[in-house]
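Student: Okay, here's what each chain looks like letter by letter:
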Amino acid sequence: MTRRTIIVKRDVQAKGKANAAAERERLGRRGTLVINILSSPGAGKTTLLEATARHFAGRRTMAVLVGDLETDRDAQRLAPLVPTVQLTTGGACHLELPLVQQGLTALGDPAVDFLFIENVGNLVCPASHDLAEHLRVVLVSTTEGDDKPGKYPKMFRTSQAMVITKTDLLPYLPFSVDAVTEDARQIQPQLDVLSLSALHESGVSDWCEYLEQQYQRQLAAYHEPAAK
Amino acid sequence: MHERSLVKNLLHQVQQIAAAEGNGAVEEICVQAGTLSGIEPFLFQTAFEDMASPILGAPCRLILEVVPLTALCNDCDHQFEVIDFKFRCPVCQADSVHVVEGDEVKLMSITVNSEEPLDGVTS
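Residue numbers (this note's numbering), protein chains in the order written: chain L, 10 to 237; chain X, 46 to 168.
Extracted from the complex, chain L is given alone in its bound form (with noise of 0.2 Å):
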């Protein structure tokens, strides 16, 4: 009997992150910008990527692959009015890269300015997982209370954008704006924040306008001489 100790060092998610990281460099290089987009369930993901669609309808291509536990009650809104996937988890909180290639080789993967995927309805594990998103934004909506950022750390911290949403509903309810924007920044500081009511399409156009920088930004970064 031969009783051996191998050390080994390793991020256990380190092939999921090498095979992530390949995947965004080639849809950042082909003119795709990718969005992860994250909340809890009933935050107002699929309201907003309807008024994001509408609003670049005959401006920007975009796609979607939008992930539940079950139905494809989120495609059935948002195909009529851009290319989308529906992939169901069967029971799993989160999306995994492999899950979110198969639905861009489902969509044809077509050549979008904008592909947004639309994570299952979870704070907690979507924050562990790195679907090849080139911005990772998380929304918060006034319903839930302005002391989320502090509860769910690592979903903040692996974001670049925070967006409010459901402020129509601000005069009705105790949510601050500061307060969450300030709790939020202890844990990312470099966290955009935005706000905006996507059913009263008030603050979609800053969000439109956001992605749009940051679709430039991105073009550039690509197409930019190796720095000297």
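Quick caveat, the hints were computed from the structure, so don't treat them as lab data.
Partner residues aside, some chain L positions facing chain X, computed with beta carbon under 7 Å:
1. T11
2. R12
3. R13
4. I15
5. I16
6. V17
7. R19
8. H103
9. C134
10. A136
11. K163
12. Q195
13. I196
14. P198
A virtual CB, placed ideally from N, CA and C, is assigned to each residue, including glycine.
Put chain X on the given structure of chain L with help from the hints.
Tutor: Okay, now just chain X, sitting in the frame of chain L:
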């Protein structure tokens, strides 16, 4: 509750490493999980106990060490433990810091017990 998918991923990696090392029985696995790794240690341990035997073919011990979240200040190079997920340098107050440890689940080592001495195969 994505611990099960991470544990499954971990066990498949362990299986591959053990196979490459001569297919001994895996007796112990050491894992480090940071406080920002996104796993809950108790759930991870429970998932491991459920899944280790079916995948590895025999029970196996998991040593799970929780490591603190450590960041490095991009301005003054001060290294510090991040308390309460406040990502601000305690020395110069800069808010541009990056995580150096504690946001991953790491397979540190595996202990394999082989029936035959590994270096006694060739003759």
